[in-house]
Structures are given as structure tokens and as C-alpha cells.
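Number of protein chains: 2
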Amino acid sequence: MPPSAVDVDVDTKSISAYGLARSTVKVEKPPLDPEEIRKTDEYFCASLYLCLGMLYLRDNPLLREPLKREHIKSRVLGHWGSDAGQSFTWIHMNRLIKKYNLDALFVSGPGHGAPGILSHSYLEGVYSEVYPDKTECETGMQRFFKSFSFPGGIGSHATPETPGSIHEGGELGYSISHAFGSVFDHPDLITLTMVGDGEAETGPLATSWHSTKFLNPITDGAVLPVLHLNGYKINNPTLLARISHEELTSLFIGYGWTPYFVEGSDRESMHQAMAATLEHCVLEIKGIQKRARESKKAFRPRWPMIVLRTPKGWTAPKDVDGKRLEGFWRAHQVPITDVSTNPEHLKLLESWMKSYHPEKLFGKEGKLIPELKALAPTGNFRMSANPVGNGGLLRKPLDLPDFRDYAASNLEPGITYLGNMSNVAKFLRDVIAKNPTSFRLFGPDETESNKLGEIYKAGKKVWLGAYFDEDKDGGNLAMDGRVMEMLSEHTIEGWLEGYILSGRHGLLNSYEPFIHIIDSMVNQHCKWLEKCLEVEWRAKVASLNILLTATVWRQDHNGFTHQDPGFLDVVCNKSPEVVRIYLPPDGNSLLSVTNHCLRSVNYVNVIVADKQEHIQFLNLEEAIEHCTKGVGIWDWASNDQGEDPDVVMASCGDVATHEALAATALLREYLPNLKVRFVNVVDLFRLISETQHPHGMSDRQWKALFTDDKPIIFNFHSYPFLVHRMSYKRPGQKNLHVRGYREKGNIDTPFELAIRNQADRYSLAIEAIDRVPSLHNKASSIREKFMNLRIQAQTSAFENGIDAEEIRNWKWPFPKHTN
Amino acid sequence: MPPSAVDVDVDTKSISAYGLARSTVKVEKPPLDPEEIRKTDEYFCASLYLCLGMLYLRDNPLLREPLKREHIKSRVLGHWGSDAGQSFTWIHMNRLIKKYNLDALFVSGPGHGAPGILSHSYLEGVYSEVYPDKTECETGMQRFFKSFSFPGGIGSHATPETPGSIHEGGELGYSISHAFGSVFDHPDLITLTMVGDGEAETGPLATSWHSTKFLNPITDGAVLPVLHLNGYKINNPTLLARISHEELTSLFIGYGWTPYFVEGSDRESMHQAMAATLEHCVLEIKGIQKRARESKKAFRPRWPMIVLRTPKGWTAPKDVDGKRLEGFWRAHQVPITDVSTNPEHLKLLESWMKSYHPEKLFGKEGKLIPELKALAPTGNFRMSANPVGNGGLLRKPLDLPDFRDYAASNLEPGITYLGNMSNVAKFLRDVIAKNPTSFRLFGPDETESNKLGEIYKAGKKVWLGAYFDEDKDGGNLAMDGRVMEMLSEHTIEGWLEGYILSGRHGLLNSYEPFIHIIDSMVNQHCKWLEKCLEVEWRAKVASLNILLTATVWRQDHNGFTHQDPGFLDVVCNKSPEVVRIYLPPDGNSLLSVTNHCLRSVNYVNVIVADKQEHIQFLNLEEAIEHCTKGVGIWDWASNDQGEDPDVVMASCGDVATHEALAATALLREYLPNLKVRFVNVVDLFRLISETQHPHGMSDRQWKALFTDDKPIIFNFHSYPFLVHRMSYKRPGQKNLHVRGYREKGNIDTPFELAIRNQADRYSLAIEAIDRVPSLHNKASSIREKFMNLRIQAQTSAFENGIDAEEIRNWKWPFPKHTN
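Line by line, the protein sequences give chains Z and G. When we follow our numbering, the leftmost residue of the first sequence carries the number 1, and every step to the right adds one. When we follow our numbering, the leftmost residue of the second sequence carries the number 1, and every step to the right adds one.
Okay, chain Z solo, but in the shape it has when bound (with noise of 0.2 angstroms):
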């Protein structure tokens, strides 16, 4: 190492491959002197030397007696890969955070190195803090050690048991999302974000590089890559580990990123380089926020971040039995499995995890010694216990104004049409506007389209990106807006899912057909909170709040491709803890529905509705209360009072109102002397048995509602089939007839509110008549006038190319609130 700038080479021939052109720190002196190298490697032993333990050990956590086979877990589960190059930026990263008393988190994108983070949080003391009974001890350390991947334990991930985690890194690929997520409105945090060159592979990470364009250096913290080129993947070399510096310093620079490389594996320059490299990326961090700052005005600089090139599995033996370990795919997971079963093996391990000292590095009592304790943060400032790994904790209720003065009111229910948004819109302005640095609204770029534009009068769309003059003819950028859209549902619900574990509040919109793009990460979000449940130090986050609009009965003009409600299908599958879904029929009971799910906490809230003109049916008190039971009759356009109906027409979704009620009203008019009850269901789960889920009602509940023999003509806005597995088994289930969106016989047509797989008015009418006993016969004519009136609708589309007058801008016929 040169003694007077650290630019380490790399010590692997093969790494010549990749050409010189990078660019390192240069710094006058090494930062390290030669006892702060020591204890900091000393530290990166106490570290590595849990991992492993954690991976092998159930007993003997210290190795005071020799290695055997009964001290080796059974199964021995775990990724050993990436564990050292993250224990080594952790550390590095102490260092600075009691040098300038930073505000640090970690996020871990690899994930499959969660040892590499466990064990700071247990050499920090925070694991015992929130475990008591993992104590810093020899027997708290051999529980440490038997839990991780184990029955009873936890997983092999950075999960919601681990402190200071936001971020399980599962599912690859949300890493960078998450820290921007984590650092907007937090301004002095620095958000330390470990990405994985596996990860950096998938398109989720690949786009969310961008996410400087959004991150204002005034309001917003910052987040510090680690990009770890570690090499290899399961089994195959990584992209990123394989192009040439100059591609590599490109991509980044083209991304909007400064790269620093620190590559090798030497530990003493590597240590010196590091020390530099993370002080200098920081010092520049502080400096772009001081500039700004003091200025006042926010600009998008090129921001700092670290390539570091470690060799997989690094400080692994560098082979066993004559096959290439250290620096190979062989050490992605457990580097040596076979140690129960072979002797030599685990002599080898036993000298592997002794070359690490635990002797000199823990004291009699199995605690890390205090000279090296002295190393790491204290309390907050240590990264495994920053509250904002812990956001519940930093979460306030949201400043919501009085949503009942956004109701549309001077309403004719069933005459006035108005479009679903347009109070919500409001409403959602004001949210923004009195919680100024705690809710932000994100988006894909359809905010506007989906006449949310009001918002934008409160907050405008964060934009660091270049301006032009043409912007100020209603572009609505801002570089401190508070309105969140990029082309890419991935990094926006990444933003939102770091902005709420961090412990603020969110809600994202989107188009419901593009909503598939994220059933993964909202799985795995929800997994997240159900787990949370079981961890009690977790402090409850806000919900994730997602608004479905443009749905599929209104994609007409996008055609097929834009036609699938199935998301709903995706959350019914995720634990009842923690889903919540709502399809409220009109604008007031919108408005209400959104102002609940602000209200509430720990549950992914779905909420569907389209964004077009609709007619309104209930003024705002009728919505509270129907909204509040989630599902009920509909007495005014009902005609069975006091009586047993023939029929039990019934809906869930605006568009499937919509028809429901139309087909209902033909029924009345058309056949005055039949009995009609109108049900509509607004919260989902209640259709479900209470049994399953929170908001599930009882048998009893059901047949007074939807009767247990008579028909029941159902109009669904998504698959029918949810809704039958939603009543599975109620009583008089096999008189449930749902109707709904269906793919088999789908055109393409903007014949939207008929047709359309037959969950139009005129089929609905036809159903109820075709499932009525007593009708069979005696409606015979007027089945054939809705048979009639329904190949008459479609003609008329076909021909001119929209809907008829009296199907588009259809009334409620009777007077309300008489029958």
C-alpha cells in the first residue's frame, strides 16, 4: 500500500480483465493509523466469527471445548457470500457515525447475508436489548447462534425480527427503492444501502438508480450505494462483476452517479481504502446538502457511492479439497455442508472459526471486549437501533381534515352524475397540505389522468430532472413537490414502502390493469407486516394505501391487454391480519373509504374505484353509515319491505352498481308485482365468514341480508370466482349467481357498461327472471324484450362506436326513499 494515497490495486490476476480506467479516492495520508486498523479488524473478526457460528453452531458458541459433531447444526442453513463485504461497510461506517454523529441506517440488499447484519445488532447489544434472552454471554450467544434458520427461530433474511431492518431482501431488488423511500423528509439521515450485484441484475433495482431525479438535497437525506461486486450468484458470475471499469464507471455516471471503486482483498489497505472512501463519499454527501442548504436552492448533483469489489465469501479458506472456495459461487451459501458427516471438514471448520480469535475477541463471560465494544455508536446512533429502522416508533397520526366537508352534497342520489374523484381529489390536497413532510402521494405518471390533479395545488411532482420553459405551462414540477412519479409501479411502491416503514404515511394510484406489475412486492410487503405481528418491539406503521382506478370496465379503448381486476384475487390470498379491500359505489362513500383507510395502520388497503363521471347514490351520511356497516340493503331501491323478496339483486364495485341498478329498476318496471332487494357490499371481507377473517360476518348475518333461498343475481366488478370463495359455504350459497369480469368471450368494444361478459344490465334482468321460480313462463315475453333491448344496445355501439344515450347517462327511474 502506498503510504501517502490509498488506491489499493486489486490482488487477483483476473480482476486485470476489467482494465484500469476507475477512479479511487486519493487521500494525503492513510485515515487508519496502525491500532485503529487492528481493533477495526479485530472487530470485523468478532463479526465473521458470529456468522459462522450462526450458520454451524447449536452449541459450543465459543469453542472453549473442541468442535463436534453433536455442536453442528443438523441442518446447517444460511448464505455465507456476502456476509463480509457487509460486516466490513457496517464497520467502516461506525466509525464515521461517531466521527460526525451521523443519523445512519443500513438497508441490506442481498439480503441472503442477513448474518452479516445480526451479528452487529448483537455486538451493538441492541439483539439482547430487544431479545432478553439472547444476552451478550456465552449461553445468550448459543442462543443467538441455534435460532437463526432454525425451527422456531428466524430466517436467513434480514427479516422483521432483525433490528434496524426495513428491508428482508427475499425477493431481490428493491434495496435502492426502499433507502430512497427511507431518506425523503428525513434530512439528516444517510441511508447506507448494500446492493448486491445479484439484485443489481433484476429490473426493479436496475431503474430505481434513477431516484436521484426525485431526492431533493434541501428536504431529503441521502442515500450511499455499496455496490458489492461479490461476483457471483447462485451459480453463475454477476453482469456487473463482468464488464469493464470504463462500462461500469459509465453505467453509473449515466445513472446520475459518482462511483468510487475499492476493490480487493488484502485487509489492511482494504480497511485503509474503505476508511477513506466512506469518509470522502459522506464529506460530499454533507457537502451537497450544505450547498443547497445554505443557498436555498435544491439542484440535482452527482452523488457519491462505493463500488466494492471483495471476492465472495471473503476470508472463507481459499479452497477445499483442492475446489476454489473463497472468491467463488461455492461460497454463496454454506461454504462446507458436509462437516457433520466428515471429520476433516470440520477440523477445517474449526480452524477456519479459530483463525478469527474468538478468545482474545470475546471476554470470560462470551461478551465482546470492551476495548472493541468502544468501536461502535451508542443508543440510537448505533444502526440496528436508529429508530427509523424501527418507523412505528417515529409514526404520528396523520392532520386529517374533516373529510364530511369534501362531500358532494346537493346530490339527487341515483340522478346526479359526478365524477368519482373530484371530492376524494380535494380531500387528498388538504391531507397534503397539513402534513407537509409526513404523506406524500405517488404515482406512475397517472395522477392526473386519473383526475387527482387537484392535489397538485397543495404539492407538486418532485422533479430534479432538467427544466424547460415549457414547464411552466402546467407541468406542476416542483423540486420540493410532494407528488411522487416515475414511469416504473416497482420504484414507487419501493418508495412508499420505505416511506412508511420509516414512519410516515402514503398512498399510491394507479391504473388497475398495470396493478399485476407489483403482486410480488405487495405480497411481500404484506408478509412483512403479518410477521411484524409477531415481533413485539415493532411499533405499528401506517398503512400502505393503494388506489385502483381506470379499472377494467372502462379500458375499453386500451383493449384486452388492459383488462384484468385479478389483483384482488393476488391480496385475498394474503393474511386477513393485514388486507383490507373496499369497493365503494360512489363519491361520498369514496371519500369516506379513504379516510378511514388513512386513519389506519399495519394493513395494505386496496380501494377500487373508477375515475370517470358516475352516477352518485348515497349523500354523505348514507355513506358513513354504509361504508362504516360495509355492506347493506338499499331500501330505496329495494321493493320487498316487510316482506321475503323473490329476488336479491346485489353488487360490489361503481360500474357493477351501476348496471345492478339499472337491471334492478327493469325488473320493477318491467315486472312491478316481483319483490326486489338490493344489497350493495362495499368492504369485501365482509362477505367472508367471521371465522376467517376480522371483518367477516356470521351465517345469521348473511341470511339476513341475502336471504337463505332465494336467488341471488350478483354483479362483481372483478372475477366472479372471488366471490364465490368469499361465500364458500354460506347458507343458500348454490342460489348465488355472480356475474363479473371473465376473459373467455371478452371484445373489445366501448360498449362499456353492457355486453361486455355478460355483466350488463339486460343479461343481470334475464338471470334474475331465468332464477325465479315463479316466474318461469309468466315473464317469457319480457325476457325476449330484454333479450331484444340487449342486442339493440350492442348494435347501436357497434355502429357508432359509443354507448346509447340511455345506457351512458342511464337515471335511477323511481323516487328515492319511496317505493
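Honestly, the hints are just simulated from the structure, not real lab data.
Taking CB as the label site, the calculated pair distances span:
1) G:Lys-734 x Z:Glu-799: 45 to 51 angstroms
2) G:Pro-66 x Z:Ser-600: 55 to 61 angstroms
3) Z:Asp-644 x G:Asp-699: 28 to 34 angstroms
4) Z:Arg-808 x G:Ser-351: 30 to 36 angstroms
5) Z:Asp-644 x G:Glu-690: 34 to 40 angstroms
6) Z:Thr-341 x G:Glu-669: 30 to 36 angstroms
7) Z:Asp-644 x G:Glu-621: 56 to 62 angstroms
8) Z:Ser-780 x G:Glu-621: 52 to 58 angstroms
9) G:Glu-669 x Z:Thr-337: 32 to 38 angstroms
10) Z:Ser-780 x G:Pro-731: 27 to 33 angstroms
These numbers come from a predicted model, not from an experiment. For every residue, glycine included, the Cβ atom is placed at its ideal position computed from N, Cα and C.
With chain Z fixed as given, assemble chain G onto it according to the hints.
Structure of chain G alone, referenced to chain Z:
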């Protein structure tokens, strides 16, 4: 325009914000003479005229009468924004196709700009060839216009109805991966790929640029991307249009491309610049291929690409009512929407359309004049007629080895343990060997982990990244491999879709937990396939085969995040015409199913099979028979021969079957008088009614298998509700009790085959006891025994970290084939 170099300066002030550093192609003299420019621009005008016609007109297609309201569609739908840029690119490729006899395909990434593509297929005569009612005459043009985004007509994307299209673009992000799929093993093909700058923000697109590391310049063709910096998405500027030339250039160099810039709006100079640049790129591609092919040494070059910056809505009026239109987001969809109600706007539209001079472009009968027609290639050289764009035409059935030769033989059914993948891996190895240019295997770095490593003997992993010495140590990398592995489910799925849609075959293998990442892509592919069934000229393509392994039941060590078998629910929502789901219980049945899937066409086949060692049940002949039936009674496991059973034990899925059989054995051992029937399901859609799926069964068949009055204890691989959904309204449905994976109550434990979600043998046996009325009370001591066994098993797993021997290595305890 400087006469001696094509280096066009941008013509808006704001562009100067990008900085000056960008590479443009320099040529000695402009490539086009004035006559060529005139004709090229007229062809451009003809295309743009058609685009507007599609958006607006239902009549008066050639504006031979003054434009009136009644000529305008009632709803004007579609997108204008990217039409001009796409059309412009198409035209310039036409010149080179003719000049160099290129085999070229066009992929339209923005998707929303379908008119740009449709107009060319009409101008080239292909549209009239495949839709004889849309002839090249005034009437044909009127029909062509009217059918666009109209009921009973076509969608507004490059849907399957679009000649030459293999990419719809409704959901953005897959143009580059689809394009790469089309050129693999098509060495002479150049797929010209327009990438929208909105689309370029998505994750899938952002990582798909790395596809060049998997492209062999000897055996594969080339993708020529044209990144279309249109400037705006729906309502926002795009990221890539708002960063400096330096960053943009760096980004693409980093991705491994050489970007050439064509920027401006002056049509004459833009024609010269595009002609020169496109030609330069085509020649660069040809040069790279020549070098590689002559030397027989593959390498990864920096492939050329084009950055085309034109104003959004190029050639539209600059402004309307004083509001900026061309070059702004207002030009994204239909630029002037109120032409039916605003007479001034109607006039404006008329004069805009007339500015293209349709009267000069289209002859008396309404057909493009011969002078312009001569600019387009003919026959299959037309991009809209390239058979690659209707890949079923090129598809040849696979040359499949006889799968019977790969059977696991000498099985002791119910006793022998074997990896389910071991035989199918050999079969797939030979499929690869026998089909060296028409079959590839795809996976996100999991092929080896999924125990399919045997296939590398026939085809290694394609890798054009850097090679290191260590790769010789089992790296299985090759420039000319047959296995495609990148840690991006999006990219490999996109490649596979492109590969299949262009006439070849493939199979994707993935861990089950991460397949939700591509829910939306699979949805879109299903929709594509379904729509193709209605498009007569589309020839059927090979099925898209997905092998899911590392299933939910074996994800104990990876924990809760890796546990989601809900992909099947997503698939079940798709049209029965195009989806098939198989859950083979063992190795021979997996072999039989795989063979079947590789022979099928036009489906998405999903096979779920765990990769670990499993007990084997069926010899080959039994497996073939069982898989052909899709469901059947396993007589050897049942003891109800010739009698009504007391209980039906049923299963679907390998782990589920193992546990259900173990439960059956428990019942038979402890309750020898109980008559148990065992039913296994391979083909999930057998469960559904024959009225709803081609594989469905009648109620009579159902009753013969499951009875209509006996309890059915069904152990299922996935979420239980899917079975309820499938068997909805079956006779005896109320007797159906399904166990399977549930989120709620999950615990992270390697106690794999037991307690988790109560789908273990003891719970199943207890459920059976509880459901058989004749056993009430009588079996209470046995019930308690099972409860105790269950607790013991759990305790043992918690203590030892592994299931007890009798759980892990359980064997069928009765003589097989006797009872």
C-alpha cells in the same frame, strides 16, 4: 444542414440544456438526393395522414368532401404522440431493406403508437392481404379508419391483429427483451426496436439493455434499438429526455451500446441524418457479424443504437388555442379532442390533415401512388409481412427423444426415493441436443439449484461477459450455449416470449416463490394467445412452458417471504383456451407431463414439481396412464375395492401427495376397518366442470371418483381455495375439506412435511376421523394418538432443527398392488 456532414443541430432552444457532447454519424456526403428526400417525405406524409384518419374519421377518408362532424367518430381514441417518430424510423429502415436485402422485423415499444405501425402495414399492402375487406381503395381506407379503436374493430395498440407485430406494448417494458428473443438463433435477422422514453423508465426495460451479454454475433441476429426521446409520458416529462447528453451517452456505453444521436424536427435534415445514421448502424452490425463469423470467434462488441429525439406529436400544429401542442404532453393521445363540438377545431383538423396532401399521395381509387409504393420493399421483405412476426409459420415441431427412455426404472413404488428432476433433466438435455437451433432453456440463475444441471452437458449457459480462469472450474459458460440465465425474471420471460412468438420453443424454470414477479407478463402473454385464436392468419406458436420448483413446502430455510404458491390463482383467471396447470406427483409423471407440454401449442403450461428427493409412486406405464387421465384413483393405496369408501383422501402436488398418502397409511394402520379411497390429481383443470374448461370433467365422472356423499380430505399444493373454486357446485361439494398452504398461522421452520398450515399427515388423518360420522367417539383414542404424534414431531423438529427420520424418510407401509 452542412453539405459535407450529417450532424444535425437540434432546433429548439431548450435542447441546449442537454449539453453538446453527443456522437453523431459523419458522412462524406448526404445519403439522400433531393428526389429521394421528396419521396421519402411524401411517404412519411402518407403514413401520418393515415394515423390521423385512424384517430378521427369514420367517413370521408380522403377528405374529398369538406370535413363535417358526421365524419368524425363519436369517441376519438388512440395515441398520436409517438406515431411520427415510429413511422419515420420504419420508412428509413425500408430504404435499407431494399438496398441490402435485409431480413428485418419492427418491434414497437411505445405500443400506444400503433397507428404509426398500422399505417405502414396498410401502405405496404399487407393489411389488405390479411383483411380483404380493408382494400387499398377509398372504401377500404374508410373501413380501415373506422375499425381502429372501435367496437368490433381493433385495439389501439400493436395487438395480435397487427401484421408484423409480436409485441403489443399495452403494458410497457418488454420491447428489448422481446426483440432479443426474436433474434436468438435467427442469425440474419435485424429487429429494429423502438423504445419509448416512458417505457425506458420501467424496471424490466432498464435491465433488458444488458441482453447484449447473451447475444452471440455468429449464431444470433441483432437488435437495433431506437430510443425515442419523445420527451413526455402521459403528463410528465421523461427521465431520459431530461438528462444531459453526457449522462445519456454514458448510460448506454455503460449498458454496452454505442449510441448515435439523431435529433431535431426539420424534416429535410432529419431525413438525411436518419438515413445516414441508420445505414451506419446496419453496416456496423453487418461488420461485427462478418468479423465474428469469418473468424469463428464470438465476442461481445459494443452494439450500435440510435437515440432519436423528435418533438412529441411531431408534425402536429405547434399550438391550439394558444396552448402548446407539438412537442408537449398534450400531443400524447388524441391531440384535439373536441372536433365534433368545436367547429374551429374541426377546421384546424381538416387543414392539418390536408397539410399532408392526401390528394397527391393517394391515386384516384385511393391507393398509394406507384412512385411512393416503390419505396417499400415487397413480399416477405416488408416488415409487416416478415414471417418472424407470425412465428407460428416458422415453427417446426421439436425433434423429441422418446421420453420413455428416460423413465426411472426398478422403482419400488412407495419405497424408492429419487430426485424428481433427475430424469426430466436428462430428457431436457437431449431435447437441447436434438434441437440445437430451436429450443432454449431459460432461468433466473436457478437451473443448477433446481437440479437440472445435467442439461449443461448438451448446452452450456450463454455468456458473452468477461471470462476468468476460474470459469473452467464448472462454470458451464459458453459463447454458444443453449441455456439463458440472468437474474431478471422479467428479462428471461421476455426473451422466451420473443423466442416463441418468432417460431421456436422453450421452457422457463424458476423458483415458485418468485414467479409472481412476472404475473403481469404471463397475463399479457395469455391475453396475446387468446386474442390470436380470433385472428385467422396467425399460425399457432409453441406453448410457453413454466416449470416451478423450489416450491412453497420446501422454503423453510428461506422463510416466510419465499412462501407464496398463488401464481396458480393468477393463471386460473386466464382464458381456459390457453392455460394448463400440472402438478405431477413424482418423477415419471413429471417426465410424462413435460413431454406432453413440449408437444403442445398455444398454451401457457405451468408445471409444479419440487426439486428435492421424493418418494416415487408410479412406474412409467402407470405414470403415462395417470397423466393422460389427469386424475385417478390409486387402487394400491386404497382399501375400498368394490365398495363405497368411508372417506376419500385426495391430493394434488408432490409434497401434498406424500403427506396425504402417509395420512392414508395411518388411517389404514390404526383403523383397518375404515374404507379409504385415494385419489390423485395431476391436471388441475380436471377438477373444473367440462362446461368451463376443455380439460374439465362431468359431474358423473366427479362422482365416480370422489363420491357425492362421502367426506373428501383433499391435500393441495397451493392455497386451499383454488380447489374449492375449481370444484364449485360439484355434487357433494359440502363434503369437500381442503388443506393446503395458508399465510395465517405459518411458522418459519424446517419441519417441512408437517404442522405448517396443518397440511401434514396427522392433521389430515385427524380431519378424516372428524369427518366420518361412523367414527365419532369410536376413534377418540386414535385421534388423541395422532394429536400426540403430531406434537412429538413438532417438538423433535424444534429441538433438532430437522424432521424426525420417520417423517423425512417415510415409506408406504403396505404391499403395493395388494390390499
